[in-house]
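K.L.:
Position 105, counted from 1, in the sequence shown is what the numbering used here calls 154; the numbers after and before it change by one each time, with no gaps.
In short, the hints are calculated from the structure, not lab data.
Treat the hints with caution; some may be incorrect.
SDA-like, lysine to any residue: derived pairs with alpha carbons at most 25 Å apart [as the list claims (entries may be wrong)]:
#1 K131 / E193
#2 K131 / N187
#3 K133 / W82
#4 K163 / D100
#5 K133 / S147
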Amino acid sequence: MSSNKKVNLKKVILSAAIILLTLAGVLVYALSWQGDTKDIEAVADSFKPLDGWQQTDSRVVPPRFLCFSGACPEVSESWTIKDKITQNSVKRFIGNSSDINRNHSRCVDYDDSKVLDSCEYVGERGDYQFSIMIDYNNSTNSTEVYLFIRRKGQIYD
50 MSSNKKVNLK KVILSAAIIL LTLAGVLVYA LSWQGDTKDI EAVADSFKPL DGWQQTDSRV
110 VPPRFLCFSG ACPEVSESWT IKDKITQNSV KRFIGNSSDI NRNHSRCVDY DDSKVLDSCE
170 YVGERGDYQF SIMIDYNNST NSTEVYLFIR RKGQIYD
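My request is simple: use the sequences and hints to build the entire structure.
P.N.:
Below, the structure written as structure tokens:
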């Protein structure tokens, strides 16, 4: 009878080890899985920087099972312009201005020739929301343009 108990104990320990290894494998897969980014990158590519805009940053965070930053997928890009820019320049960058959400944007009602110091435009394109921030730096006489793209509901409701 005691040899049967030893065999059963070995089976229980072996079964528990297999279950734990399987769970560990599933956890590693869930933490390391990254989805496809081509659709969010296509949205980012639909924004067209103007001549003279120097790209300073570009990041793509792919979709994951667990998003520790709270925003995945996400694309963020930025450009520097060696002067002030106008409302018309931003409209040309955005392309389709009907994508802009007027309730959540600042400066959207400015005249096209208005020079911008600090503005934000938010809107939707496809299954994503975008935020464009304009920030003029007086000491360097340059303007920073920041573009963030996330899934709907992550920038505004």
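K.L.:
Report the numbers of all earlier hints that the structure fails to satisfy, in ascending order.
P.N.:
Hint 3 contradicted; others consistent.
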